[in-house]
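Given only the sequences and the hints, what does the whole structure look like? Please build it.
For the protein sequence lines, the chains are A and B, in the order given. Under this note's numbering, the first sequence has 51 at position 51, and the numbering climbs by one with no breaks. Under this note's numbering, the second sequence has 444 at position 444, and the numbering climbs by one with no breaks.
Among these hints, one or two may not hold up.
[What the hints assert, rightly or not] Pairs of lysine to aspartate or glutamate, EDC-like flavour, derived with a Cα cap of 20 Å:
| no. | chain 1 | residue 1 | chain 2 | residue 2 |
| --- | --- | --- | --- | --- |
| 1 | B | LYS19 | A | ASP64 |
| 2 | B | LYS89 | A | GLU77 |
| 3 | B | LYS130 | A | ASP73 |
| 4 | A | LYS9 | B | GLU274 |
| 5 | B | LYS19 | A | GLU65 |
Since the hints were derived computationally from the structure, they do not count as laboratory data.
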Amino acid sequence: MPVEIDIAKVAKLARLALSEEELVGYGAQLVDILEHAERVGALPTDGVTPTSHPLPMTNAFRLDEVRPSLDRDEVLEQAPQRDGEFFRVPRILGES
Amino acid sequence: MTDWEAVIGIEIHVELQTKSKMFCGCAVDFTAEPNTMVCPVCLALPGALPVPNQEAIEGILRIGAAFDCELVEHSLFHRKNYFYPDLPKNYQISQYDIPLCINGHLDIDVDGEEVTIGITRVHMEEDTGKSVHGSETGRIHDADHSLLDFNRAGVPLVEIVSEPDIRSPEQARAYAAELQRVVRSLGVSDVRLEEGSMRFDANISVRPVGQEEFGTRAEVKNMNSLRSLHRASAYEIQRQIALLEGGGTVKQETRHWDEGSGTTAGMRSKEESEDYRYFQEPDLVPLRVDDEWRDRVAASLPELPASRRRRLADAGVERQAAATMVEAIDLAEMFDAAASLGADAKQVGNWLTGEVVAYLRRNEVELGDTALAPEHLHELGQMVEAGGLSSTAAKDVLGYVLAGEGAPGDVASAHDLTQISDEGALDAEVQKILAENPDVLERLRDGDMKPIGFLVGQVMKATRGKADPKVVSSLIRSKAQGG
Numbered sequence: 001m002p003v004e005i006d007i008a009k010v011a012k013l014a015r016l017a018l019s020e021e022e023l024v025g026y027g028a029q030l031v032d033i034l035e036h037a038e039r040v041g042a043l044p045t046d047g048v049t050p051t052s053h054p055l056p057m058t059n060a061f062r063l064d065e066v067r068p069s070l071d072r073d074e075v076l077e078q079a080p081q082r083d084g085e086f087f088r089v090p091r092i093l094g095e096s
Numbered sequence: 001m002t003d004w005e006a007v008i009g010i011e012i013h014v015e016l017q018t019k020s021k022m023f024c025g026c027a028v029d030f031t032a033e034p035n036t037m038v039c040p041v042c043l044a045l046p047g048a049l050p051v052p053n054q055e056a057i058e059g060i061l062r063i064g065a066a067f068d069c070e071l072v073e074h075s076l077f078h079r080k081n082y083f084y085p086d087l088p089k090n091y092q093i094s095q096y097d098i099p100l101c102i103n104g105h106l107d108i109d110v111d112g113e114e115v116t117i118g119i120t121r122v123h124m125e126e127d128t129g130k131s132v133h134g135s136e137t138g139r140i141h142d143a144d145h146s147l148l149d150f151n152r153a154g155v156p157l158v159e160i161v162s163e164p165d166i167r168s169p170e171q172a173r174a175y176a177a178e179l180q181r182v183v184r185s186l187g188v189s190d191v192r193l194e195e196g197s198m199r200f201d202a203n204i205s206v207r208p209v210g211q212e213e214f215g216t217r218a219e220v221k222n223m224n225s226l227r228s229l230h231r232a233s234a235y236e237i238q239r240q241i242a243l244l245e246g247g248g249t250v251k252q253e254t255r256h257w258d259e260g261s262g263t264t265a266g267m268r269s270k271e272e273s274e275d276y277r278y279f280q281e282p283d284l285v286p287l288r289v290d291d292e293w294r295d296r297v298a299a300s301l302p303e304l305p306a307s308r309r310r311r312l313a314d315a316g317v318e319r320q321a322a323a324t325m326v327e328a329i330d331l332a333e334m335f336d337a338a339a340s341l342g343a344d345a346k347q348v349g350n351w352l353t354g355e356v357v358a359y360l361r362r363n364e365v366e367l368g369d370t371a372l373a374p375e376h377l378h379e380l381g382q383m384v385e386a387g388g389l390s391s392t393a394a395k396d397v398l399g400y401v402l403a404g405e406g407a408p409g410d411v412a413s414a415h416d417l418t419q420i421s422d423e424g425a426l427d428a429e430v431q432k433i434l435a436e437n438p439d440v441l442e443r444l445r446d447g448d449m450k451p452i453g454f455l456v457g458q459v460m461k462a463t464r465g466k467a468d469p470k471v472v473s474s475l476i477r478s479k480a481q482g483g
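Okay, structure coming up:
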């Protein structure tokens with residue numbers, strides 16, 4: 001069964017600005033990947049326990065203990081823009 | 001004229017009060033300077049890996065268990081993908097199709113009527129950072145930029161989703177208030193609406209009474225108090241009814257509640273509907289809650305508000321007093337301790353929620369700051385029962401006990417508040433008053449009992465109000481009958 005995909009929508013959701021050419025190229029690659037997944041999905045898996053993670057383990061927790069945070073100046077120096085104690089970002093459209 | 005019925009479902013977010021964040025060791029501290037509680041994990045620096053906080057998982061399981069949810073044996077974390085500046089990773093770690101807790105319920109009391117509201121799911125996620133806008137920090141309003149503080153990013157957040165079982169603004173408020181009481185009683189969150197550690201959104205629709213199918217719903221946001229939840233629901237229900245009766249249709253959208261104008265308004269709609277492209281979080285292994293863990297959670301639950309309310313009512317506590325003690329655990333504990341000594345439940349309930357609460361408010365102190373002990377309440381009750389103290393004087397004595405003057409018996413003597421109810425002690429006074437009023441005594445002997453009040457009053461006056469009026473009255477009666 002041929003897989004159809006709205007590559008322009010996928011790109012938009014991922015905030016990727018792709019050219020027409022790139023849309024065609026990546027669209028074809030993505031279709032290949034999905035078709036491969038379909039082939040795997042068609043395998044007879046009756047009696048195989050579903051797994052959600054490659055490692056056979058559960059409940060890898062940490063205790064509720066505070067560890068030191070980073071130095072603020074060091075952190076903010078990495079930011080594209082800082083404003084005093086804050087990260088500064090362009091305002092989002094539609095935000096009040 | 002169509003009769004309309006509202007259908008409301010509520011999503012409630014609760015921040016857990018753990019020491020550290022959900023997936024990293026940064027402190028949960030809302031008093032800290034901006035951007036000082038951050039690390040590679042909660043800032044999403046490359047290569048950083050999340051590790052779940054076990055205490056937060058314990059917390060959500062307690063919440064789920066308190067709502068009688070099934071604690072799911074195998075559950076998963078998912079990534080919810082969207083772009084927003086307060087979300088450093090461009091996804092929020094949340095749960096999707098297999099949350100930790102499902103199929104619970106909460107029983108609420110709305111004006112004496114019990115209503116069961118289903119709880120679809122309770123799932124674990126992480127909070128976002130906070131946008132601080134220029135104008136809020138006292139800077140000149142800046143239309144082009146937002147400022148971000150990531151101290152809150154990654155704080156454990158629990159989302160509790162109700163079934164669309166709520167039928168009125170009153171039920172909506174009662175549900176949120178009871179949920180707040182339950183979560184508070186578990187000690188896992190301070191559930192403060194004004195500080196944002198509890199937040200709610202309501203999905204509201206209306207349909208003609210008798211219709212099975214739901215109407216189109218609007219999601220109402222930005223309600224910051226129980227009162228605004230009630231007001232916003234009431235407004236939105238009326239808005240939709242007016243729209244439908246006028247021949248219009250309800251649009252499925254997110255609406256913003258405006259406290260000042262008392263209205264909801266549609267938010268600028270996005271070009272396309274939300275598509276979060278959920279997928280399993282590959283950085284986290286699955287969760288497994290086995291029977292042993294489930295039993296441990298169940299055993300750790302405190303007495304929940306509904307059962308305390310029922311227990312207090314069964315003990316004879318009045319409805320209002322019981323409601324007050326459900327809200328205030330310290331009062332309830334004091335009550336339980338006094339009741340276990342054998343004190344009268346109704347009387348102690350009324351003292352605690354009446355005089356004691358008034359004293360605490362007046363003096364701006366907590367019960368624990370006062371000298372009141374359960375033994376005092378028991379002793380006070382015994383004094384009233386034995387007639388050694390009038391119920392009015394008992395309230396005064398309670399005030400002195402709260403202020404630390406001592407035990408009720410000592411305080412009553414010191415302030416000369418004890419009541420004379422011993423017949424022998426009152427007999428002389430009664431004799432004297434009767435001797436002074438032979439004509440009145442004559443009327444009593446003729447069977448006219450009306451002047452008895454006058455005589456009791458005379459005795460009370462002579463004893464400066466300390467005589468037990470009931471004893472005086474019965475003494476006069478027996479003397480009138482030739483005793």
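Evaluation of the provided hints:
1. B/LYS19 / A/ASP64: Roughly 6 Å separates the two Cα atoms, so the pair holds.
2. B/LYS89 / A/GLU77: 19 Å, holds
3. B/LYS130 / A/ASP73: 19 Å, holds
4. A/LYS9 / B/GLU274: Answer holds: A/LYS9 to B/GLU274 is near 12 Å, not above 20 Å.
5. B/LYS19 / A/GLU65: 7 Å, holds
Figure legend: structure checked against the earlier numbered hints; every hint is met.
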